[in-house]
Amino acid sequence: MEQIPLEHILLLSAALFSIGVLAVISKRHAVVVLMGIELIFNAANLNLVAFSRHDPQLLQGQLFSLFVILVAAAEAAVALAIVLRVYQYFKTANLNQIVTPEK
Amino acid sequence: MLFYIFAILAVLSGAYMVLTRNLLYAGFSLLITLLSIAGIYVLLFADFIAVTQLMVYVGGVLVLLLFGIMLSSRVHDKSVLSENVNTVWGTLVAGFILVGLSYTILKANISTLPWLQTTELDVLGNQKSTVQSIGIKLMTDVVVPFELASLLLLIALMGAAYIATDKQKV
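Protein sequences appear in the order of chains A and B.
If you number the first sequence the way the numbering used here does, the last residue is 103 and the count never jumps.
If you number the second sequence the way the numbering used here does, the last residue is 273 and the count never jumps.
Simulated from the structure, these hints should not be mistaken for lab results.
Hints are not guaranteed to be accurate.
Stated by the list, open to error - Covered stretches of chain B (chain A as the covering partner; in silico rule of three or more C-beta atoms under 8 Å from a C-beta of chain A):
1. 140-151
2. 157-170
Unchecked claim - Within a straight-line C-alpha distance of at most 20 Å, the following computed SDA-like cross-link-like pairs (lysine to any residue) qualify:
3. B:Lys-270 / A:Tyr-87
4. B:Lys-231 / A:Thr-92
5. B:Lys-231 / A:Asn-47
6. B:Lys-231 / B:Phe-151
7. B:Lys-240 / A:His-54
8. A:Lys-91 / B:Ala-267
9. B:Lys-210 / A:Tyr-89
10. B:Lys-240 / A:Phe-67
11. B:Lys-240 / A:Gln-57
12. B:Lys-240 / A:Ile-82
13. B:Lys-270 / A:Gln-60
14. B:Lys-210 / A:Pro-5
15. B:Lys-240 / A:Glu-7
16. B:Lys-270 / A:Tyr-89
17. B:Lys-270 / A:Leu-84
18. B:Lys-210 / A:Glu-7
19. B:Lys-270 / A:Phe-90
20. B:Lys-231 / A:Leu-58
21. A:Lys-91 / B:Leu-122
22. B:Lys-240 / A:Tyr-87
23. B:Lys-270 / A:Gln-88
24. B:Lys-270 / A:Thr-92
25. B:Lys-270 / A:Ile-82
26. B:Lys-240 / A:Thr-100
27. B:Lys-240 / A:Phe-64
28. A:Lys-91 / B:Phe-170
29. A:Lys-91 / B:Lys-240
30. B:Lys-210 / A:Phe-51
31. B:Lys-210 / A:Thr-92
32. A:Lys-91 / B:Asn-125
What you are looking at is a predicted structure, and each value in this text was computed from that prediction instead of being measured.
Note that CB positions come from ideal geometry on N, CA and C, so glycine has one too.
Chain A with its partners taken away, still in its complex shape:
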C-alpha cells in the first residue's frame, strides 16, 4: 500500500484551516462561527495524526488529538448553551445585532 505524502496532508489541513478562518470572519450567525471553529480544530487534528504516523511506538500525536476532540466537544456544548441564552435574551443570534439595550 503506497504511502500518502506528508506534504499533501499538510496542504489539506492548511486549506481546511483557512476555510475555517473564513467562516469565523465572514459569518454573522453564532452557530456558523462555531462550525468554523470546529473546522479549525479538525485541521489541527489532521496534522497531529499525520505526524503521529512517524511515531509508531509512542503514538503521541494520536493521544493529543484525542484530547483535542474532547476539549472541542466540551467547548461546543458550553458555547451552544451560551448561544441559546443569548437568543432567549436578545431574540437574535446575529453577532452584529447583539447589543445591550439602553436603559
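Using the hints provided, position chain B relative to the given structure of chain A.
Same frame as chain A, but now just chain B:
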C-alpha cells in the same frame, strides 16, 4: 487515491459550508467534511481516532450544532439565512493564510527532514489496530490528563446545563 477523493470531498464541502447562506445546508456540508476527515484518519492508521471522530463529532457535536440552529432561528424566516459581512477582508485574510501556509509547507521539504527519514511508517506493525496501545497509554503515560479530561467534561456538562436553564421559572 482514496485519500485524494476524501481530501477533495472535505475541501469542497467545507467551501460550500462557507459559501451557502442557509444554516442547515452549512450544517450538513460540515457533516460531509467531518466524515471525509474520519476516512482520512483511517488511511493514516489512526482507527481509534477515526471512530472517536465519528462518535463525538458526527454523532455529538454536529447534532448539537443542528439543535442550536433549530433553536436559535425560525426556519421559515429570514433568520435561517446567515448574513455575510467582511467578505473582502475575510477572503483576503483566509487567502493570505492559505498561501502562506502552502508556501511554507512546500518550501520546508518536510519529507526530507532527518528524523522523519529515520522513522518507518509501519504504524501498526504486528498489531491489528492501535486501540490496545492507546488504551495502555491512556492508563499509564497520560493518566493525569485523562482524569483531568473527565473532570473537564463533568464541569462543562454541569455548566452547559446551568447556563441553558430558564432561570425565571426556578
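Hint check results:
1. With 8 residues having a Cβ less than 8 Å from any Cβ of chain A, the region 140-151 of chain B passes the three-residue criterion, so the hint holds.
2. Counting residues of the region 157-170 of chain B whose CB lies closer than 8 Å to any CB of chain A gives 7, which reaches the minimum of 3, so the coverage claim holds.
3. Between B:Lys-270 and A:Tyr-87 the CA atoms are separated by roughly 14 Å; this keeps the pair inside 20 Å, and the hint holds.
4. For a cut-off of 20 Å, the pair hint linking B:Lys-231 to A:Thr-92 is broken: about 50 Å separates their Cα positions.
5. Restraint check for B:Lys-231 and A:Asn-47: the C-alpha separation of about 23 Å exceeds 20 Å, so the hint is violated.
6. As the CA atoms of B:Lys-231 and B:Phe-151 are separated by approximately 12 Å, the hinted pair is consistent with the 20 Å bound.
7. Our distance criterion of 20 Å between C-alpha atoms is met by B:Lys-240 and A:His-54, whose separation comes to about 17 Å.
8. Our distance criterion of 20 Å between C-alpha atoms is met by A:Lys-91 and B:Ala-267, whose separation comes to about 15 Å.
9. Restraint check for B:Lys-210 and A:Tyr-89: not satisfied, since their Cα atoms lie roughly 50 Å apart, outside the 20 Å limit.
10. A threshold of 20 Å between alpha carbons decides the hint, and for B:Lys-240 with A:Phe-67 the separation of about 13 Å falls inside it, so the pair holds.
11. Restraint check for B:Lys-240 and A:Gln-57: satisfied, since their Cα atoms lie roughly 10 Å apart, inside the 20 Å limit.
12. As the CA atoms of B:Lys-240 and A:Ile-82 are separated by approximately 35 Å, the hinted pair breaks the 20 Å bound.
13. A distance of roughly 43 Å separates the Cα atoms of B:Lys-270 and A:Gln-60; the hinted pair therefore is violated under the 20 Å criterion.
14. Among the hinted pairs, B:Lys-210 with A:Pro-5 is consistent with the structure: their alpha-carbon atoms are about 15 Å apart, no more than 20 Å.
15. Between B:Lys-240 and A:Glu-7 the CA atoms are separated by roughly 28 Å; this puts the pair beyond 20 Å, and the hint is violated.
16. For the hint linking B:Lys-270 to A:Tyr-89, the alpha-carbon distance of about 12 Å falls within 20 Å, and the restraint holds.
17. The hinted pair formed by B:Lys-270 and A:Leu-84 meets the criterion: a straight-line CA distance of about 13 Å does not exceed 20 Å.
18. Taken as a hint, the B:Lys-210 and A:Glu-7 pair is honoured in the structure, with Cα atoms around 10 Å apart against an allowance of 20 Å.
19. Restraint check: the Cα-Cα separation between B:Lys-270 and A:Phe-90 comes to about 16 Å, which is no more than 20 Å; the hinted pair holds.
20. With a C-alpha separation of about 16 Å, the suggested pair B:Lys-231 and A:Leu-58 falls inside the 20 Å cut-off, and the hint holds.
21. For the given pair, A:Lys-91 sits about 25 Å from B:Leu-122 by alpha-carbon distance, which is inconsistent with the 20 Å threshold.
22. A hinted pair counts as satisfied when its Cα atoms are at most 20 Å apart, and B:Lys-240 with A:Tyr-87 does not qualify at roughly 42 Å.
23. For a cut-off of 20 Å, the pair hint linking B:Lys-270 to A:Gln-88 stands: about 11 Å separates their Cα positions.
24. Between the alpha carbons of B:Lys-270 and A:Thr-92 the distance comes to roughly 19 Å, so the proposed pair stays at or under 20 Å and holds.
25. For the hint linking B:Lys-270 to A:Ile-82, the alpha-carbon distance of about 14 Å falls within 20 Å, and the restraint holds.
26. Proximity of B:Lys-240 to A:Thr-100 is assessed by CA-CA distance (about 49 Å); at most 20 Å being required, the pair is judged violated.
27. Among the hinted pairs, B:Lys-240 with A:Phe-64 is consistent with the structure: their alpha-carbon atoms are about 12 Å apart, no more than 20 Å.
28. Distance check on the hinted pair: A:Lys-91 and B:Phe-170 sit about 16 Å apart at the alpha-carbon level, within 20 Å; holds.
29. Restraint check: the Cα-Cα separation between A:Lys-91 and B:Lys-240 comes to about 47 Å, which exceeds 20 Å; the hinted pair is violated.
30. A threshold of 20 Å between alpha carbons decides the hint, and for B:Lys-210 with A:Phe-51 the separation of about 18 Å falls inside it, so the pair holds.
31. Among the hinted pairs, B:Lys-210 with A:Thr-92 is inconsistent with the structure: their alpha-carbon atoms are about 46 Å apart, more than 20 Å.
32. At roughly 19 Å between alpha-carbon atoms, A:Lys-91 and B:Asn-125 fall within 20 Å of each other, so this suggested pair holds.
Of the numbered hints listed earlier, those contradicted by the structure are 4, 5, 9, 12, 13, 15, 21, 22, 26, 29, 31.
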